[in-house]
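Spelled out, the chains give:
4 protein chains.
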Amino acid sequence: MIIHLKNNLSQERIAAIAQQTESIYTKDSNGTDLLIASSKLKVLPAELEADVEAVFPMSTDIQLASKDYKQETRKVTIGNVQIGGDSRNSIVIGGPCSVESLEQITQSAELMKGLGITTLRAGCYKPRTSPYSFQGMGLEGLMLLAKMREQYGLNIITEVKDSSHVNDVIEHSDIVQVGAKAMYDHSILKACGKARKPVLLKRGFGTTLQEFVQAAEFILSGGNEQVMLCERGIRTFETKTRFTLDLCGVAFLKEYTNLPIILDPSHAMGYRYGVADLARACLAMDIDGLLIETHPNPEVAKSDASQQLNHEEFTAMFKSLEPIARAVNRTLV
Amino acid sequence: MIIHLKNNLSQERIAAIAQQTESIYTKDSNGTDLLIASSKLKVLPAELEADVEAVFPMSTDIQLASKDYKQETRKVTIGNVQIGGDSRNSIVIGGPCSVESLEQITQSAELMKGLGITTLRAGCYKPRTSPYSFQGMGLEGLMLLAKMREQYGLNIITEVKDSSHVNDVIEHSDIVQVGAKAMYDHSILKACGKARKPVLLKRGFGTTLQEFVQAAEFILSGGNEQVMLCERGIRTFETKTRFTLDLCGVAFLKEYTNLPIILDPSHAMGYRYGVADLARACLAMDIDGLLIETHPNPEVAKSDASQQLNHEEFTAMFKSLEPIARAVNRTLV
Amino acid sequence: MIIHLKNNLSQERIAAIAQQTESIYTKDSNGTDLLIASSKLKVLPAELEADVEAVFPMSTDIQLASKDYKQETRKVTIGNVQIGGDSRNSIVIGGPCSVESLEQITQSAELMKGLGITTLRAGCYKPRTSPYSFQGMGLEGLMLLAKMREQYGLNIITEVKDSSHVNDVIEHSDIVQVGAKAMYDHSILKACGKARKPVLLKRGFGTTLQEFVQAAEFILSGGNEQVMLCERGIRTFETKTRFTLDLCGVAFLKEYTNLPIILDPSHAMGYRYGVADLARACLAMDIDGLLIETHPNPEVAKSDASQQLNHEEFTAMFKSLEPIARAVNRTLV
Amino acid sequence: MIIHLKNNLSQERIAAIAQQTESIYTKDSNGTDLLIASSKLKVLPAELEADVEAVFPMSTDIQLASKDYKQETRKVTIGNVQIGGDSRNSIVIGGPCSVESLEQITQSAELMKGLGITTLRAGCYKPRTSPYSFQGMGLEGLMLLAKMREQYGLNIITEVKDSSHVNDVIEHSDIVQVGAKAMYDHSILKACGKARKPVLLKRGFGTTLQEFVQAAEFILSGGNEQVMLCERGIRTFETKTRFTLDLCGVAFLKEYTNLPIILDPSHAMGYRYGVADLARACLAMDIDGLLIETHPNPEVAKSDASQQLNHEEFTAMFKSLEPIARAVNRTLV
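Protein chains in written order, with this note's numbering: chain A, 1 to 333; chain Z, 1 to 333; chain G, 1 to 333; chain B, 1 to 333.
Rather than coming from a laboratory, the hints here were simulated on the basis of the structure. One should not assume that every hint holds.
Note that the list lumps identical chains together, so a pair holds whenever it fits in one copy or between two copies.
[To be verified] Straight-line Cα separation of at most 30 Å, DSS-like style, residue types lysine-lysine; simulated pairs:
1) Lys-240 with Lys-42
2) Lys-302 with Lys-240
3) Lys-6 with Lys-75
4) Lys-302 with Lys-40
5) Lys-67 with Lys-6
6) Lys-75 with Lys-240
7) Lys-67 with Lys-319
8) Lys-240 with Lys-40
9) Lys-67 with Lys-27
10) Lys-302 with Lys-27
11) Lys-42 with Lys-302
12) Lys-67 with Lys-240
13) Lys-27 with Lys-190
Turn these sequences into a full structure, and let the hints steer you where they fit.
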């Protein structure tokens, strides 16, 4: 249950109501004091009515993210670009899997700049499944990304893989990406809740839609309303492709949640050959953005070599998105 | 291994080579005598060389369907409509889940006719998972579909669920649909191999891409080259939607096989609300056709009530496909 | 809803009630006339009460197989062996994947005989996923199995893969095995419903427990009460093993259904090395039987070579089952 | 590749070789200096041969955990109890899902003590999927567990859910449990690598066996050889049970890895009714231990209420394990 408190309550009173209802307290961007209790709470205790402006009983713990609470898609501002709300914008985010060197990331930044793309992605902390492979450049990579922001005016998105570096990423990026393997991590989710940066939350490959949106609730109820959901493929019995992109799930998210949706066909597919087709299909789903991997020289990439487009392929793919965007009444930003 | 025989061999000689190489014999549409042996056979026995025109060693038992054997997409002719080959056509097939009555199927036929759609779908033999629910109208339904063909000049597609009625369906339909639960059935696949009608083969919801295309090999090696592959959702851990439409798998099929691809977003989604978005996404994958369920009055449908569009929704969805088709350089037929 | 009719009704009256309630009619082994309507029917129409002895409203279409209808496990008789009921017997069934020759199947039969095992398994009609691999010996294999029955007094179980040979298998075997890929086939299920032989129904690898038991309902409502459920592994994201044996699902089946349960660790595992451990684990689940593949010379087996135990391994495995059986108060038969 | 260095090398020389081979350095319990390079390294550079005692080229990044490197199961010591090695011991670990109060955890401790069980489990930091449900008692719970150790002489195991509290858990427990949702977290894995406490690593419900064992490699290569693998159910299409316990996967782990295996049927099943059968089946797999949830009053448990046995059920289950242990030549500790 979401509870809108009256706006003249003391902090002590709010704390008392929160304790009684076992609620989380936050203040939304309209300045309203909110308490969010378990969705099992269906009726407000009568003695609290005097302190309460409105209550929203909810059917599941998808609460702040639910269209039943707030119908319109939430607005997210990335630099001077906006998605969600009534914008009809779709953001395209490109860049390599990992920052590997100044030269490599500069080439990527120049590609984005040249295509009019506003946001550059690249990983610094790689959530590899083996200890014996490349683990990312860490803070050094983050500094290279910050340099690209300065030099090219690009927004930067990079991934948090565990809580040891979450504050570094929050400080140095424009969008904080919470990785598929880290999305259950409460320390990270809580840090993101306190951050004043947009968060792109990736769905775990074994994560149900219910759990996925509930992870977003950790951030929303922490006070950060700028959360984007990113579907990037789930693990199924089919192994000819790396993962299975769940567009039926995307339809569900569009129908029931109020968060902007960004899709990542690169990780889902795992192979260069399907990425452009899938990128067009994703955009035709009428969603808020795309995340696509591209590398100046995929053959020598230190991670995910097989799925990164080269710059020529990326450029062709990007240009082919324009008519699809028009067809679904979207503007690429 | 696919073996092209020289064109003057006697039936006895062909039979002898087939036995020696444990091959299946068929004649292709160019009149070439083919033998298809296991893909484990990598080198032709030397003593057979004199009788052989060409050999194609293959890496897996995806052989006749493989782009390594035949690069261009195979051509399929449905009435006076063609897909595959160099046509760039995408066929839209609509209609209800089941034939329920003359009145209902007539309404469906009129909708298709009115929109310029050439092919009507509807099930007569329903592969229900419970014996205690509606099992379809059977042959009576098939006769109603045949009537629609006569009356409206529509092509008819209906599903075979087991081998007891496969010959009836082959006789009375223009496309034989092999259902997701029947696609391992060798009796059906063999009957389809002998048929001179296009076959739409649905992927089982627990079927790997390898097995799926190998099922098509049963039909192709039986002598019927007009096979279309239909992805309709696989079963995964996610249960908010009925199935998970596997567009990564579609990218694989496009890359490695030479069969036209038809997508069925209705069964994948299981709910009306996502079907139109998914239909647009499917078409943006640059595929050969769509299969969409629509019912004059979905609320009272005897099967799959929740996923069938009403006629207004279907019409809106159909009209929205046009700009997507243009964007990927396709013509709707 | 299961409806027990009074025992003096005319066939016309029964047919009329069946039509009114959209029910399936059968007579159970106690001579009671049963009608089984959809589980959506919760209340009997008042005008029928005079003709009805008892009604059992059911929560799902698992009806005749449900413990809510009949608490005790159903009794199945295989030759002079009985499982289910109050027997506490567990049957061990062994033999090769396929009948390959008289010599091979004789060796298998002698192994079973020597170990005191009563039932021999072997496939004649192989549901292979490729048309270019060994498809089984067909009727010839069935005749070899019949010979083993005569010569060694063994019960025979073999698999139906499609409806073209279902009557042959019913005629010549002691247990009719419905294969994992054929279990949705209504023609086969209906033929089994009319048969007077026990049926072993395998769960499809993509089949939910609900669908699996509903397939058994087709047989039970057809008039054959001797149905055994066989779990043999489901398809999951894990591919190091062939399938994933679902023992949690077995716990569900034991809790909610009244059908004996036979487990097949060989197909689940797909590799010889895990079969003996899994066989012991299965038996420790307190179930009614095991199906284990063994071949006189697995290296040269024409199908499933990697998962068949050799005779020495099978013998050791079989002997190790005895203390497990005692531990769960079961007798091996 | 695992490289055993000669035992007189300077730290500088070791560092130089590590850098050249992109290896991780550790010292094993025999005092050998080890370098572990990527498994892609198949041949040692010739110039290093003089410094190297032995090399083990490995086929995958399962290296230290592989039977190809070390055949015998690794020994793990928990208080005065030992599993693995040549012990043939199987440890039974019981206790509630969460520490809820002193009274509750005392009842649990007394049950364990009374049954002769040496190790008590209970969660303090709960990895809940909703922010609006009970999140555990945190450090306060950990202190209650420490009290139980003192008072009853029990070993304590509790779960780390994120890296913010990993050091607290390492300090106050006897076994550090890395939870299914945290097992990809490198911060936690590295902290465990440095710890001198046994670690129980749970498999993620969407984690392949390969990834699972590679997560153990992070700990092993960090210098901690006492790692136990815990299978607790994977996520599949079947939803009648909470997860699907993967005993085929356990057979794989037994065959290819040298780490002791502990199984958790409670989380896999999710319902009380199947736990005892599954516990017996797990032990019959011939594994090193079991983790079973039990609560003094499951109906009021603050988490996982449906799957916890009450004390009577737990006692009956525990007693029924004895004959199974004997059947597979194991001793319960």
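Going through the hints against the structure:
1. Lys-240 with Lys-42: between (46 Å within a copy, 23 Å between copies)
2. Lys-302 with Lys-240: Answer is both; intra-copy 22 Å and inter-copy 26 Å each pass.
3. Lys-6 with Lys-75: The answer is within: 25 Å in one copy meets 30 Å, while 61 Å across copies does not.
4. Lys-302 with Lys-40: Only across copies: Lys-302 and Lys-40 sit 14 Å apart there, 48 Å inside one copy, limit 30 Å.
5. Lys-67 with Lys-6: For Lys-67 and Lys-6, only the intra-copy Cα distance (23 Å) is at most 30 Å; the inter-copy one is 54 Å.
6. Lys-75 with Lys-240: Answer is between; shortest inter-copy Cα gap is 25 Å, intra-copy 37 Å.
7. Lys-67 with Lys-319: between (33 Å within a copy, 27 Å between copies)
8. Lys-240 with Lys-40: between (42 Å within a copy, 20 Å between copies)
9. Lys-67 with Lys-27: within (19 Å within a copy, 52 Å between copies)
10. Lys-302 with Lys-27: between (43 Å within a copy, 28 Å between copies)
11. Lys-42 with Lys-302: between (52 Å within a copy, 19 Å between copies)
12. Lys-67 with Lys-240: Only across copies: Lys-67 and Lys-240 sit 16 Å apart there, 36 Å inside one copy, limit 30 Å.
13. Lys-27 with Lys-190: Within one copy, since 15 Å is at most 30 Å while 37 Å is not.
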